[in-house]
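J.: Line by line, the protein sequences give chains A and E. First residue of the first sequence? That's 1 in our numbering, and the numbers climb one at a time after it. First residue of the second sequence? That's 1 in our numbering, and the numbers climb one at a time after it.
Because the hints were derived from the structure by calculation, they are not lab data. Please note: incorrect hints may appear among the correct ones.
[To be verified] 20 Å max Cα-Cα, derived EDC-like pairs, lysine to aspartate or glutamate:
hint: 1; chain 1: A; residue 1: Lys76; chain 2: E; residue 2: Glu555
hint: 2; chain 1: E; residue 1: Lys664; chain 2: E; residue 2: Asp598
hint: 3; chain 1: A; residue 1: Lys76; chain 2: A; residue 2: Asp58
hint: 4; chain 1: A; residue 1: Lys76; chain 2: E; residue 2: Asp39
hint: 5; chain 1: A; residue 1: Lys32; chain 2: E; residue 2: Glu34
hint: 6; chain 1: A; residue 1: Lys86; chain 2: A; residue 2: Asp13
hint: 7; chain 1: E; residue 1: Lys251; chain 2: E; residue 2: Asp551
hint: 8; chain 1: A; residue 1: Lys76; chain 2: E; residue 2: Glu24
hint: 9; chain 1: A; residue 1: Lys76; chain 2: E; residue 2: Glu34
hint: 10; chain 1: E; residue 1: Lys702; chain 2: E; residue 2: Glu555
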Amino acid sequence: MAPRADLLQGTLDLLILKTLVLGPLHGWAVSKRLRQLSSDVLDVGQGSLYPALYRLEDKGWISAEWGTSPEGRRAKIYTLTADGRKQLAAERSEWKLFSAAVDQVLKAT
Amino acid sequence: MRRFFMKLARRVRALVHGDTLDAELSDEIRLHIELETEDLMQTRGLSRDEARRQAMVGFGGVERYREAQRDARGVRWIEQVAQDVKYAVRSLRKSPGFVVTSVLTIALGIGVTTTVYSVVNRLILHPLPFAHEDRIVILAWQVPGRDVSDWITSNDVANWARDAASFQTISLLDPYAGGLVTEPARSLFASGTGVSPTLFQSLGVQPVLGRSFVNADTARGAPRVIMLGEGFWRREFGARSDVVGQAIKVKDTTYTVIGVAPEQLIALRDYQEVDLWVPITSARLAKLGSTMQGIQGVGLLKSGVSVTRAEQELTLLMRRLLAERGPVKLADAPSAVLVRPSMLLDSSFTEGLWALFWATLLVLLIACANVANLQLVRASRRAQETAIRAALGASRGRLLRQLMVESLALAIVGGACGILVAWAGLQVIVNSHPDIMGHLATVQLDRRVLAFGIGMILFTSLIYGAVPALHTTRSRLAGALRRVSQAGRGSPGGRRLQSGIVVVEVAVACVLLIGAGLPTHSFLKMLAIDPGYAPAGMLEFSVWPTARYPDSTSEAGYWNSVLTRVRALPGVEAAVPASGSMLQSNLQTVGGNVEAEDGPMGGKPQLLTIASRNVPGDYFRVLGIRMLAGQTFSAEDERSEPNVEIIDKSLAERLWPGQPSVGKRFRWGNAPSFGPWITVKGVVSDVGLVGLRGVSPLQAYKPHRADDVGRMSGFFVRVSPNTNEQVALATVKSVIHSVDPLVPIPSANTESEIVDGALAIPRFATALVTAFAALALLLAAIGLYGTIAYGVSQRTREIGVRIALGAHTGDVSKLITGSGLRLALGGMAIGLVGALAGARLLAGLLYGISPTDPAVFVAIPVGLLVVAGAASYLPARRAARVDPVIALRAE
Numbered sequence: 001m002a003p004r005a006d007l008l009q010g011t012l013d014l015l016i017l018k019t020l021v022l023g024p025l026h027g028w029a030v031s032k033r034l035r036q037l038s039s040d041v042l043d044v045g046q047g048s049l050y051p052a053l054y055r056l057e058d059k060g061w062i063s064a065e066w067g068t069s070p071e072g073r074r075a076k077i078y079t080l081t082a083d084g085r086k087q088l089a090a091e092r093s094e095w096k097l098f099s100a101a102v103d104q105v106l107k108a109t
Numbered sequence: 001m002r003r004f005f006m007k008l009a010r011r012v013r014a015l016v017h018g019d020t021l022d023a024e025l026s027d028e029i030r031l032h033i034e035l036e037t038e039d040l041m042q043t044r045g046l047s048r049d050e051a052r053r054q055a056m057v058g059f060g061g062v063e064r065y066r067e068a069q070r071d072a073r074g075v076r077w078i079e080q081v082a083q084d085v086k087y088a089v090r091s092l093r094k095s096p097g098f099v100v101t102s103v104l105t106i107a108l109g110i111g112v113t114t115t116v117y118s119v120v121n122r123l124i125l126h127p128l129p130f131a132h133e134d135r136i137v138i139l140a141w142q143v144p145g146r147d148v149s150d151w152i153t154s155n156d157v158a159n160w161a162r163d164a165a166s167f168q169t170i171s172l173l174d175p176y177a178g179g180l181v182t183e184p185a186r187s188l189f190a191s192g193t194g195v196s197p198t199l200f201q202s203l204g205v206q207p208v209l210g211r212s213f214v215n216a217d218t219a220r221g222a223p224r225v226i227m228l229g230e231g232f233w234r235r236e237f238g239a240r241s242d243v244v245g246q247a248i249k250v251k252d253t254t255y256t257v258i259g260v261a262p263e264q265l266i267a268l269r270d271y272q273e274v275d276l277w278v279p280i281t282s283a284r285l286a287k288l289g290s291t292m293q294g295i296q297g298v299g300l301l302k303s304g305v306s307v308t309r310a311e312q313e314l315t316l317l318m319r320r321l322l323a324e325r326g327p328v329k330l331a332d333a334p335s336a337v338l339v340r341p342s343m344l345l346d347s348s349f350t351e352g353l354w355a356l357f358w359a360t361l362l363v364l365l366i367a368c369a370n371v372a373n374l375q376l377v378r379a380s381r382r383a384q385e386t387a388i389r390a391a392l393g394a395s396r397g398r399l400l401r402q403l404m405v406e407s408l409a410l411a412i413v414g415g416a417c418g419i420l421v422a423w424a425g426l427q428v429i430v431n432s433h434p435d436i437m438g439h440l441a442t443v444q445l446d447r448r449v450l451a452f453g454i455g456m457i458l459f460t461s462l463i464y465g466a467v468p469a470l471h472t473t474r475s476r477l478a479g480a481l482r483r484v485s486q487a488g489r490g491s492p493g494g495r496r497l498q499s500g501i502v503v504v505e506v507a508v509a510c511v512l513l514i515g516a517g518l519p520t521h522s523f524l525k526m527l528a529i530d531p532g533y534a535p536a537g538m539l540e541f542s543v544w545p546t547a548r549y550p551d552s553t554s555e556a557g558y559w560n561s562v563l564t565r566v567r568a569l570p571g572v573e574a575a576v577p578a579s580g581s582m583l584q585s586n587l588q589t590v591g592g593n594v595e596a597e598d599g600p601m602g603g604k605p606q607l608l609t610i611a612s613r614n615v616p617g618d619y620f621r622v623l624g625i626r627m628l629a630g631q632t633f634s635a636e637d638e639r640s641e642p643n644v645e646i647i648d649k650s651l652a653e654r655l656w657p658g659q660p661s662v663g664k665r666f667r668w669g670n671a672p673s674f675g676p677w678i679t680v681k682g683v684v685s686d687v688g689l690v691g692l693r694g695v696s697p698l699q700a701y702k703p704h705r706a707d708d709v710g711r712m713s714g715f716f717v718r719v720s721p722n723t724n725e726q727v728a729l730a731t732v733k734s735v736i737h738s739v740d741p742l743v744p745i746p747s748a749n750t751e752s753e754i755v756d757g758a759l760a761i762p763r764f765a766t767a768l769v770t771a772f773a774a775l776a777l778l779l780a781a782i783g784l785y786g787t788i789a790y791g792v793s794q795r796t797r798e799i800g801v802r803i804a805l806g807a808h809t810g811d812v813s814k815l816i817t818g819s820g821l822r823l824a825l826g827g828m829a830i831g832l833v834g835a836l837a838g839a840r841l842l843a844g845l846l847y848g849i850s851p852t853d854p855a856v857f858v859a860i861p862v863g864l865l866v867v868a869g870a871a872s873y874l875p876a877r878r879a880a881r882v883d884p885v886i887a888l889r890a891e
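This is chain A alone, in the form it adopts within the complex (with noise of 0.2 Å):
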């Protein structure tokens, strides 16, 4: 098993939001999707995933509707709105500020 990253406080949100950019995913889907891409660091903890989809969706950055999954069962699908995507710029924008900002101090030595 690879190694594992804790997630940073606050980045959870724009990880969710990045895995939907590329299309309507369901709760399950976004967690594999995140698992991939990332080479299998970063695992978010269920237990914070789904109140994580739910305090999205009551912000209005991505809506949830009830359809079929790939798979071919009844699953809460999610989708990016159009707000979801400024949030998304903005964050990650916020992120590579931050990270940016890390890294120099990190170089300082």
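Keeping the supplied structure of chain A fixed, place chain E upon it in accordance with the hints.
T.: This is chain E only, laid out in the frame that chain A set:
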């Protein structure tokens, strides 16, 4: 915005469909685990069971996660409150004694407060029963340094009505439009008010019957029309609907009745009965012109216009009109003043009502204190439960909320009962005193009163709920659990808090009792006023023969036959006419400079207001007025013109203090124009409830002369002591009628009724205040008793030890009683200070005593101490009977 509504919709859905959402969530979780299981089977080649196990482990605690998810829905607190309510109801059901006591106490507190508030609301805050009543103002004006006057000139009103933009309408009231109503078989006096036709529309008032006035009714030459007042219509016309269209003769004018005006209109006339309403005709307005002869203006402000702005506008218009007539000095220039009708009420009445209202709030405070005390007792019994729940992880906020929900539940039940109490109390007030304050009958539990009641419910639950709740949940866990093991002994902090509450209760009760004691003592003083005559067995009538007998000979003839017939009645001892009855004591009042010959002021006149009446010589004997010096009028005085008068004691004291006054002379006027010298023929006692508000002590009596016409309108009859006064009243009235049915008799009363009537308002107020104070005393006594009794029950073990160690029962009861009395003394000390400060507010309402009346300030604390002693002694006696063996074994 749209997002907000979407959010709101989601919250509502979360609340209403919580179960569905939970189910959806379960579906989602199930799907997740299934997919994960299949994934693990494929990618890792695990068996289905193993894959499923790992998937579940990976997911984590399903329940914990569900909770987190529900929190994210943002409705958790509402669900919890619902839980709290369920819990509160369950826990309250377990202690019915506590609930009944608390509910009754709250009901009483809320009940009296709401009752009195409904009176305040109707009489002071919203005195006019009309639509837009908050925009109705009385037009008045003021010259710098003088009183506000609401008598305005017709010209001013015409000017305002034409040019003022702040008003929707300005209507006029002409209060002297009444007079003698003559019908074929009877005649009676009716009060009347002239009004502008706009009045009815602007007040939104509908006639009870027929139509109201229109502008055409005021035109020159228009047919004269009239509306009957509702009361008059019921009283004199038996509420017949066929009065519309009838003719009615008032003074010399014949009117056609067009309708009946509703009773509520009299609110505009200070709730004095108005029998007739007529339109103010343009002829009448032209005649009034700029004379100050009694016109009042009622304005309806346009909505959104402030009183200040309207005042400024009217002032400007008023001064412009003045400036047209000639130069005006700014210092003397009048300003317009708009008066809200409530301010027209007698200020002492308003003050008294507010005092009563504050008193009821204090009663409510005591009620709250009592319930808080009960809560504390209950909380210490539940200390174990609270501690365990805290140990199991209930947060302080959660525990606090639960206790508050309990308090609120109590308050709602108690408050609902309280509003019923208020409703009942209102019936009592309205029914018992309709004649004192006619407008009390219009008091009701309306929207505003209900809102007040609900506000009070929330307020009380906050007061009596928060203190005990904060206290109970503050105790630290370890301590609480340890104490629990000691069989509910109650924390020392709890006892301190309870004692504090009792001290406050006693203090408030002390303030209230003194606040009630002062007016009561003042009322006793009023009862002891010497009326100066003998009211028992006296009947008093107003009889107005003038209209029928315009010359002195025929009027004298009328009086002679009345006197002959009345004196012949069995039981009648004497009868005498006079100018004016007691009720009209101030009708013939003359103010001016009076110079007393040989007086201590030298030749300097003093400004006096003297009420005078013309009386025959036997007036004083018949009424039982004491001659203090000199003699009554002789037959000689009634015939000739010797200018003699009889004055009362107060006037004699003012003119010639400390000197005999009979035979001395005084005259009216200033140099150089004086009236003739008047010789004092006798001095009599002061008559009437002298010293009470509005009763002038200075009276002078002139001899009745045979050639006086239209002077005699009062008639006094003395009946023998064992006669039924009410029967005699009716008999005499019918005998007077039998002489000439067309002579109106506007009033007929027994003198006792009149004296009672003068004292009715103080009597009523005293009774109310005393009732509230008694309630406060009872509640405070219960609070004290409860605290001491509870203390005893908690100290049973200690008392048992004391007795086992040889303490006498006397020592024990002294110990307990002492602790109760200490609390009471502490409360009384605070209360006395508060009462001393508060009593000054009552100064204006007191008669014959000072606000620091020593009798009250001694008697009340002593009485309170006795009650406190009794309340502490009962539990003390029980403590003394504690059996040490049982007490010690109980641990």
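J.: It remains to establish, for every hint, whether it holds in the given structure.
T.: Each hint, compared with the structure:
{"no.": "1", "hint": "A/Lys76 <-> E/Glu555", "result": "violated, 106 Å"}
{"no.": "2", "hint": "E/Lys664 <-> E/Asp598", "result": "holds, 8 Å"}
{"no.": "3", "hint": "A/Lys76 <-> A/Asp58", "result": "holds, 15 Å"}
{"no.": "4", "hint": "A/Lys76 <-> E/Asp39", "result": "holds, 19 Å"}
{"no.": "5", "hint": "A/Lys32 <-> E/Glu34", "result": "holds, 13 Å"}
{"no.": "6", "hint": "A/Lys86 <-> A/Asp13", "result": "holds, 13 Å"}
{"no.": "7", "hint": "E/Lys251 <-> E/Asp551", "result": "holds, 18 Å"}
{"no.": "8", "hint": "A/Lys76 <-> E/Glu24", "result": "holds, 9 Å"}
{"no.": "9", "hint": "A/Lys76 <-> E/Glu34", "result": "holds, 14 Å"}
{"no.": "10", "hint": "E/Lys702 <-> E/Glu555", "result": "holds, 19 Å"}
In the structure shown, a violation is registered for the earlier hint numbered 1 alone.
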